[in-house]
Each structure stands twice: as C-alpha cells, then as structure tokens.
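Asker: With chain A held as given, fit chain B onto it using these hints.
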Amino acid sequence: MTLPNRWASQLIALAAWLGAAILLGVWFGGIGWWLSGALAFYVAHTLRNLALLDRVLDGHKRVPLFVTRGLWAEIFARVDKIRAKARNRKKKYHRLLREVRESTGALSDGGIILNSEHEILWFNPAATRLLGLDPTIDIGNRLDNLLRHPDFAAYLAAPTGEGITIPSPKEEAGWLTVQIIPYGQDQRLAIARDITREIQLERTRRDFVANASHELRSPLTVISGYLDTLGDDEEMPEGWRAPVGEMRRQADRMTQILRDLIELTRLESAERKAPHEFVDVGGMLKLIAKEFQAAGTGPAVELTLATDVALVGSESELHSIFYNLVNNAVRFTPPAGTVRIEWRTEGDAAVFEVVDTGIGIAPEQIPRITERFYRVDPGRSRATGGTGLGLAIVKHALQRHEGTLNIQSREGKGSAFSCRFPAERLVHRAGAARAV
Amino acid sequence: MEVEDLGHHISKRFNEDLEHVRNSVLAMGGLVEEQLDRAIKALSEANSELGLQVAEDDIKVNRMEVSIDEECSRILATRAPTASDLRLVIATLKTITDLERIGDEAEKIGVLAARLASVERPSTNYRELRNLARHVKNMVHGALNAFARLDTKGALEVVKADDAVDEEYESIYRQGITFMMEDPRTITRIMDMTWLARALERIGDHAKNICEYVIFMVHGKDVRYTGIKNIEAEVAQATRRQETRS
Numbered sequence: 063m064t065l066p067n068r069w070a071s072q073l074i075a076l077a078a079w080l081g082a083a084i085l086l087g088v089w090f091g092g093i094g095w096w097l098s099g100a101l102a103f104y105v106a107h108t109l110r111n112l113a114l115l116d117r118v119l120d121g122h123k124r125v126p127l128f129v130t131r132g133l134w135a136e137i138f139a140r141v142d143k144i145r146a147k148a149r150n151r152k153k154k155y156h157r158l159l160r161e162v163r164e165s166t167g168a169l170s171d172g173g174i175i176l177n178s179e180h181e182i183l184w185f186n187p188a189a190t191r192l193l194g195l196d197p198t199i200d201i202g203n204r205l206d207n208l209l210r211h212p213d214f215a216a217y218l219a220a221p222t223g224e225g226i227t228i229p230s231p232k233e234e235a236g237w238l239t240v241q242i243i244p245y246g247q248d249q250r251l252a253i254a255r256d257i258t259r260e261i262q263l264e265r266t267r268r269d270f271v272a273n274a275s276h277e278l279r280s281p282l283t284v285i286s287g288y289l290d291t292l293g294d295d296e297e298m299p300e301g302w303r304a305p306v307g308e309m310r311r312q313a314d315r316m317t318q319i320l321r322d323l324i325e326l327t328r329l330e331s332a333e334r335k336a337p338h339e340f341v342d343v344g345g346m347l348k349l350i351a352k353e354f355q356a357a358g359t360g361p362a363v364e365l366t367l368a369t370d371v372a373l374v375g376s377e378s379e380l381h382s383i384f385y386n387l388v389n390n391a392v393r394f395t396p397p398a399g400t401v402r403i404e405w406r407t408e409g410d411a412a413v414f415e416v417v418d419t420g421i422g423i424a425p426e427q428i429p430r431i432t433e434r435f436y437r438v439d440p441g442r443s444r445a446t447g448g449t450g451l452g453l454a455i456v457k458h459a460l461q462r463h464e465g466t467l468n469i470q471s472r473e474g475k476g477s478a479f480s481c482r483f484p485a486e487r488l489v490h491r492a493g494a495a496r497a498v
Numbered sequence: 007m008e009v010e011d012l013g014h015h016i017s018k019r020f021n022e023d024l025e026h027v028r029n030s031v032l033a034m035g036g037l038v039e040e041q042l043d044r045a046i047k048a049l050s051e052a053n054s055e056l057g058l059q060v061a062e063d064d065i066k067v068n069r070m071e072v073s074i075d076e077e078c079s080r081i082l083a084t085r086a087p088t089a090s091d092l093r094l095v096i097a098t099l100k101t102i103t104d105l106e107r108i109g110d111e112a113e114k115i116g117v118l119a120a121r122l123a124s125v126e127r128p129s130t131n132y133r134e135l136r137n138l139a140r141h142v143k144n145m146v147h148g149a150l151n152a153f154a155r156l157d158t159k160g161a162l163e164v165v166k167a168d169d170a171v172d173e174e175y176e177s178i179y180r181q182g183i184t185f186m187m188e189d190p191r192t193i194t195r196i197m198d199m200t201w202l203a204r205a206l207e208r209i210g211d212h213a214k215n216i217c218e219y220v221i222f223m224v225h226g227k228d229v230r231y232t233g234i235k236n237i238e239a240e241v242a243q244a245t246r247r248q249e250t251r252s
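Chains A and B, in that order, are what the protein sequence lines are. Counted from 1, the first sequence has number 474 at position 412 by the numbering used here; the numbering is strictly sequential. Counted from 1, the second sequence has number 73 at position 67 by the numbering used here; the numbering is strictly sequential.
Same shape as in the complex, but just chain A (with noise of 0.2 Å):
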C-alpha cells in the first residue's frame, strides 16, 4: 500500500519533529524533556488545525489558514471544494422546486398528495379553489375528513377505473371529478376536476332529446291514427294502398323510436339504483319466451330455468333488459337457427343468459353495440324493424341493478349476451314470500 503525498509529507514532519527533538536531547541532554516538548508542539498544532476545521464546518466561510501546503491544507482545501457543490446543488434544487411549485400552481386541475392513510402531505393552489383545502391547517388532516361524500370515501378505500365524480364540496351545484393514482411507496396523487360544465352540457343534451321526444309524441299520434284508419278504408284506390301500408310501418317505427328514447333519457336522469320491487324472473321469462314462440315465423325459442331464484328490482326495466336482448337474438337470426335462454346461478351471482346460432358480430364492433343508434349492418338492421337503442337501454337498465353485460360473439356462428346480477340483488325462494 502506497501512501499519498499529503501522508508521508505530514509523516516525515512528525519525523523530522521527533528526530530534531532526540538529536537536541542527546546534544544537551534532558532527552525526554525535548520529545515531549516536540510531542505537546505537535498535538497544539493539530488541535488548533482541527478547532479550524471545526470553524469551517460550521459554516464560516473564510478562516485564516497559515498552512498552505501539506495534510491540513489539502483537507481544507478539499471541504471548500465540497462545500461549493453543495452549493450549487442547493441552488439547482431551488430553482427546480421553484419551478415545480410555480408550475402545479398554474394547473387549473387539483392536485393533493396522500399517504397510506389517506393523510394529506402536500396540494396546490387549485386544490384549494376546488375543494376548499385550507393550506395552514389541512396539512396531515385526512382527505375523507373533509371530503366527505359517502361514494367519495367508498372509491379512496378501493380506487378503481377513472375516478369518481362527486357534488362539489364549495360551489352551489357544481360538479367534481377526483381520480386517485398510487405511486411510490404507499403514497396516492388524488387529481380533482371540475367538470360542472361537462354535466351541464350533459344535462342540456338529455332534456333536449327528453322535450324533442315529448313534443314528437303527440303530432306522431295524430298521423299514426289517420294513415290506420286510411289503411283500413275499404274504398281507398289500389295504387294507394302499398304507400300508406308503408307509411303506416314507418309511422309506428317512429313512435317505437321515440318509446325508446324516452324511456333511455328516463333511465339515464333516474336516481343511480334501482329500486327494490321483487322480481319473479322465471314467470318473466316464460311471458316472453311464450310471446316469440307464438309468433311462429321467427328461429326456435328454447327456455331453460335451471333456478328459481328472484331479483329486486324495477320490474320494468328487468323485462326491457330481457325482451331487448330476446328481441335482438331472434331478429338476428335465421328461421332455421335456434335462441336459447337461461337464467341459472353462478357462485353467489345469478346469470341471464341468450345464446343464438345468427349471424354474429365481429370482434371490433363489440364494445360499441351499446351505443345508441350504432348499428352493425343498418340496412339490415332496418330491415328487422330495430330502433337502434335496445342495447344502450339494456347496459343502462342493468347498470341501475349492479348487473354487468358480457357480449361474446363469432361471425357466422352466432353470439351470447349474459348478464350478471350480484348477489345482493337476490332474493332465493325459501325468503321469497318475506320479501314480497
């Protein structure tokens, strides 16, 4: 091992110190006296470097050295070095910091850091315009202590999908949405928006499509009950009949349309949930099964009640999910094919389920079926007398009863559309008669 310079420098002044210090001994004797004198030197000198050093560590900046050379000087030397990038690591973190806080104070979405506990750690300005923060003491409160909305509290204890849309706390009808992001360890970024406009426009658009429908209504009625009377008016020229029966058909698809949209704007402005009116599913069943089998052109209608078990529901949306999706297989499918329903039970859920042997949908068009007025195939679509909202009733009907759809489909081959009722919305037979 070698040493460096700065060591056997010091080293060989220790050295020289002692060996001065022996030599004058043996030449004037009293050796001991001369080591220990050299000795004491030494130790004073270091301690005074060392009491120096402590000075600059402090924080002083500028300490009379009378070293220049040597161990001590290096060292100092070597502080003031670290000492300065200290320096300027602090002044590039404060610059940096200062941009953070500059820039999250300029978002217009709130932002709050959360640790497990749901504690605040930090939020911005907006934060505070949003949801009323008080930044002198909110700092470690609790986040649902002072958001307190039941569904708020709900979704922080178990945060999924794209956050949850709330009542704001501080203005009067105005409307928030706050999704939760864990990251590190432990921690949560909760990000809250407003989007009162979003729900106004929302809004506008829903009563639009509600009075537009309303207001359609009634001239739709006049029409309808003029072209039937025509079309059964024995006298009426031959040339006129296949246009008015054709007029007739258009009419009354029209008042479906509209039954349809009233009844989708209806469901969406609802209260969230379903209420709770027993359901018995299996008599259900067997009213729509017996009305498409009696219909006789259509594919075979089997039904399957492998339970007994009832929901709680709103009747009346239960038989819209059922007879649209009835509906749909049975339009959908050749003469020749097959419907099959059944309603059983899986684990503690219970499972409606419509499987046809039609035409299929393909894989891409699944997850927009549900939107209102999508329509795989309109001329065909059309041409089997479908309005264009079944499905978007059925995913909002079932939404209001905690129900889930699951579409699976092949071209050709045919699909099945199953829903999922959860276990709360059951009632089993045995209580049956309780809960009626």
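Careful: at least some of the hints might be erroneous.
To be verified - Calculated cross-link-like contacts (lysine-lysine; reagent style BS3-like; alpha-carbon spacing at most 30 Å): (1) 143(B) to 335(A); (2) 143(B) to 227(B); (3) 335(A) to 47(B); (4) 232(A) to 100(B); (5) 232(A) to 159(B); (6) 166(B) to 232(A); (7) 143(B) to 232(A); (8) 66(B) to 232(A); (9) 232(A) to 235(B).
Said to hold, decoys possible - To be clear about the criterion: a stretch of chain B counts as covered by chain A if any three or more of its residues have a C-beta under 8 Å from a C-beta of chain A, and this derived list gives those stretches: (10) 37-45; (11) 153-166.
These aren't lab readings, by the way, just hints derived from the structure by calculation. In this text, a Cβ means the ideal position worked out from N, Cα and C, and glycines have one as well.
Answerer: Frame of chain A; chain B shown alone:
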C-alpha cells in the same frame, strides 16, 4: 392543538381506536350531508321518488349512530380515557346524537318534499326555502369541517350563522301566515312548507350544537347556553393561551 397529544399514547391500539372513532363520525357526517343534499334536491326538483328514497335511507344513518355509540362505550369501558381523550369521546357521543337528529330532519324534509311535489307549486319554486336550505347546508358543512380540523374559529363562524337562519325561518313563518289568511285553499301546502322550514331551522341548531362540542373538545370549555359574545371571548382567550404556550 391539544388533541394532537393523541400522537403520544403508549398503546398504539388506543390511538388507532380514537382515530377510528373520529373518522367514523366524519363518515357518518358525510352520509348525513348527502341525505340533506338529496332531500333539498327532491324539494327543488319536485322529485317525489327521490324524497321517499331519502326517507328510506335514514336507516343507514341510524345504523352508523348505533355502531359508533357502541365503539365509544367500548373505549370508555376498556381504556378509561382521561383529559383530551375523554373529551374526544364525550364530544363524539354528543355529536353523533345531533347528526342522527339532522338525519331525522332530512328524512322529514324528504317526505314533505315528496308531498309538495304532487301539489301546485308557487311561481318562485319555494325560493325562500331553497335559500334557507342552502344556508343550513353550509352550516352543517362548516360544522363537520370544524370537527375534522379541530378548528374552533371555523366553529365560531357556524355558531354565528345560526342567528341569520333563525331570522329567515321567522320570516318564512310570517309570510306563510299572510298567505293562509289571503287564501285558505293554500293552508295545507303552507303548513307543509312551514314544517319544512322548521326542520331546516332545527338542522341549523344541531349544526350549532356540534360546533359547541368542537370548542369543548379542543379547549375544554363548555360554551353551551352562554351566548355568542361569551363563546367568542372564550375561543379568543383559549387560542391566545395556546399561542403563548407553544
């Protein structure tokens, strides 16, 4: 603040228990706020379905009260808390009673709103009631915020706001009497309206009570029935004491 001493208990479980009780009260508060919000919405939108739904959901508030009550009893029995911990438990017990009452009043408002939804509405769509409702809602919100933040200044603001609410109730009441004298056919409706205003005014009182418990919990002073001037002085004094201590 004194309740921050909570952070230094030897028993970690005890800490967690107290913290949990506090959070439960605020969760219950959130539920009550939502109930009130929906009841008022049922009134302003003439939505009888929503009104009845609110009445039905009151059972959730009651259940929460029972469960928090049990938890407080358990803490009292097993931990024998003292000083600020004891004050926290006592304030909690009282607060949940008032919250439960607010829930009951919200239920009442829901039922009345459902009834008013099916009769003729005045052209103002009950503007005075909606105004009063907004004030009361803000009071409940402020009271719960004060509870969450242990913020006695915020609590004081809410206590002060109660006078305005009382005045508003008074004027709705008088206005109702005038209407009834003018046209006896409106009596049923005005009676319902008055009951509704009364329920709102009671909610304001309960919110004020909660704020007084907050002052008790933080400063250890019982300021009930002492008048607003006195409460103000107490809070100012206690805050000064705390500032000099820290």
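Asker: Now, for every hint given, state plainly whether the structure supports it.
Answerer: Cross-check of the supplied hints:
1. 143(B) to 335(A): holds (24 Å)
2. 143(B) to 227(B): holds (26 Å)
3. 335(A) to 47(B): holds (16 Å)
4. 232(A) to 100(B): holds (27 Å)
5. 232(A) to 159(B): holds (18 Å)
6. 166(B) to 232(A): holds (19 Å)
7. 143(B) to 232(A): Holds, because 11 Å separates the two Cα atoms, which is no more than 30 Å.
8. 66(B) to 232(A): holds (25 Å)
9. 232(A) to 235(B): holds (28 Å)
10. 37-45: It holds, with 4 qualifying residues against the three required.
11. 153-166: holds (count 3)
Taken one by one, the earlier hints all hold for this structure without exception.
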